[in-house]
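S.K.: Chain by chain, the residues run as shown.
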Amino acid sequence: MIEVLECALPASFQDLGRPGYRHLGVPLSGALDPEWLAIANALVGNPAQTVALEMRLLGPKLRATAPVTIALAGEFSAKIEDAAGLSRPAADWCSHVLATGDILSIGALRSGIGYLAVAGGFDLPQVLGSRSTYARAGLGGIDGRPLRIGDRVATGAGGADVSLRLPDAPHPISGPLRVMPGPQRDYFTDAAWQHFIGAEFVVSREADRMGLRLDGPAPRTCVRRRHRLGRSDARRHPGSRRRPPHSPAGRLPDGRRLPENRHGDSRRPAAPGTRAAGTKLRFVAVSAEEALAARRDAARRLAEWIAAIGPGGAELDLDALYGANLIDGVIDAD
Amino acid sequence: MNPRLLDLGDGALTLEFGDRIDPALNARVMAARDALAALKLEGISDLVPTYRSLTVHFDPLQLDRETLGKALLQAAASPDQKSAPATRWLIPVAFGGEFGPDLAQVAQTTGRSESDVIDAVCAAELRVFLIGFLPGFPYLGELPDWLHLPRRSTPRTAVPANSLAIAGPQVAIYPWQSPGGWHLLGRTPVKLFDVADIGRPALLAPGDSVRFRAVERGEFETLERDLEAGRIGRQSWVAP
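Residue numbers (this note's numbering), protein chains in the order written: chain A, 3 to 336; chain H, 141 to 380.
Derived from the structure by calculation, the hints contain no laboratory data.
Every value quoted in this text rests on a predicted model; they were computed, and no experiment measured them.
Just so you know, not all the hints are guaranteed correct.
Listed below are the simulated EDC-like cross-link pairs for lysine to aspartate or glutamate, each with C-alpha atoms no more than 20 Å apart in a straight line [unchecked claim]:
(1) H:210 with H:182
(2) H:331 with A:145
(3) A:63 with A:84
(4) H:331 with H:285
(5) H:210 with A:5
(6) A:81 with A:125
The shape of chain A in the complex, shown without the other chains (with noise of 0.2 Å):
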């Protein structure tokens, strides 16, 4: 069992996501960085698709209850105090055993999201095939709401009880975000569409699981004609599974859809909705064939960085130390 001791900001359960149900108004959710998803659950031995709590900005204090292996998946600061008040860095990209009454903080992320992970998974009920949480409606994870304080998971059988770590861990991300040109393109002139590519856009701190708002030149419009319909008709296309619940980026013109896809020149996955606020974004227009090759190679380097984890926890990631700024004072002395 966990037990959330701590939450400032909104995390939720999240998996996969509800495939199948558009057609009746519900979203895909899901985890905003599926790979990351997949990393975070080959670290405690679970299959990918296992439901982890994904995280944004600030991570929650959890205690557990029983002993449980867990792994974090992003840059996070996290530490685990042990029930007779000893500290230990809980570093990134490994597992790390919890032993009865130990507590884990996860503190603040330095990138835009992440995730937690437990061997065996978080045991939760399934609602329409998934357990990823959807609050609008009341969907999934506990309750159909987002993690507060006092909550008690249980967690299920399963999975690894040694310290696994991915030794190369996914960089943060840079370069611009693919983008394939919307259905509704020809509302806009080419010279509307050059200006939104060539231009420059920041994360503001409008952001949540529905969208993220792009502070940046007003998009020109141009529109060449008016649909009969207004918005409702096109507005139902959740804009790509990157960014579950619903629409894309606000400040997007309509109709300008991302490609539902990984992104380009970083060894790790990017979307629009890991990135954190103030981050610079540009966009780079791709064709359908170039955004299917860039999946490919993204699906080659998740399976490569799964391949590559092995065992080594904690206690051998000596940056992990340096970084978490424990044992300067002991090099310092020398």
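Given chain A's structure and the hints, the job is docking chain H onto it.
M.R.: Same frame as chain A, but now just chain H:
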């Protein structure tokens, strides 16, 4: 207008039949959906019909985009046969007051009485064009011309769940509390989405027809209590 095939990112294709709210267009969309579904192509996760288009979500690592595009254009040409038999629903609604805070304003704007507005909404045999926006949220149409109003200039940040709302020729019911800019005329006790009904979580389906029946507060509250207690169920809303 010939159907157009449009990209919606690399994981979806949209087949667009037109740009109007029109039962004939909507019927073509449904026929295309049925024809494509019958092919049982591997790698398709969702078939989403709207007023005038069909979107197919697929896994491009599993299903070739061109193959799917060809199948969609072929499905577009399929004859407009009748889909599964539609259900006719009769939905109770309490109008005005706290249930429908915009009723008075709508009456004023259209130059009719409040009861004229209620009568017109209840007299219309409405087609379910699509379900979307929120789980179970139906887009219904069409209202008589004189009731066509633009959206409110200032959208509400929280429309109460189960509100009946109108905009343009459309009628909708919000199954969940949500932001919204439509005019709120009333509220229904009927639950439009229920995961406990695994076979049909959304009460309404495209192609169904809906009429509304005005009820007083007393009956509204009785129905709510009976629903809560499980004394009545979904069959209660099928038109006699």
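S.K.: Indicate, hint by hint, whether the structure satisfies it.
M.R.: Okay, the hints, checked on the actual structure:
1. This hinted pair checks out: residue 210 of chain H and residue 182 of chain H have alpha carbons roughly 15 Å apart, not beyond 20 Å.
2. Distance hint between residue 331 of chain H and residue 145 of chain A is fulfilled; the C-alpha atoms sit about 18 Å from each other, no more than 20 Å.
3. The hinted pair formed by residue 63 of chain A and residue 84 of chain A meets the criterion: a straight-line CA distance of about 13 Å does not exceed 20 Å.
4. Between residue 331 of chain H and residue 285 of chain H the CA atoms are separated by roughly 29 Å; this puts the pair beyond 20 Å, and the hint is violated.
5. For the suggested pair residue 210 of chain H and residue 5 of chain A, the alpha carbons sit about 53 Å apart, so the restraint of at most 20 Å is broken.
6. Taking the CA atoms of residue 81 of chain A and residue 125 of chain A, the gap is about 24 Å. The hint is violated against a cut of 20 Å.
Violated hints for the displayed structure, listed by number in ascending order: 4, 5, 6.
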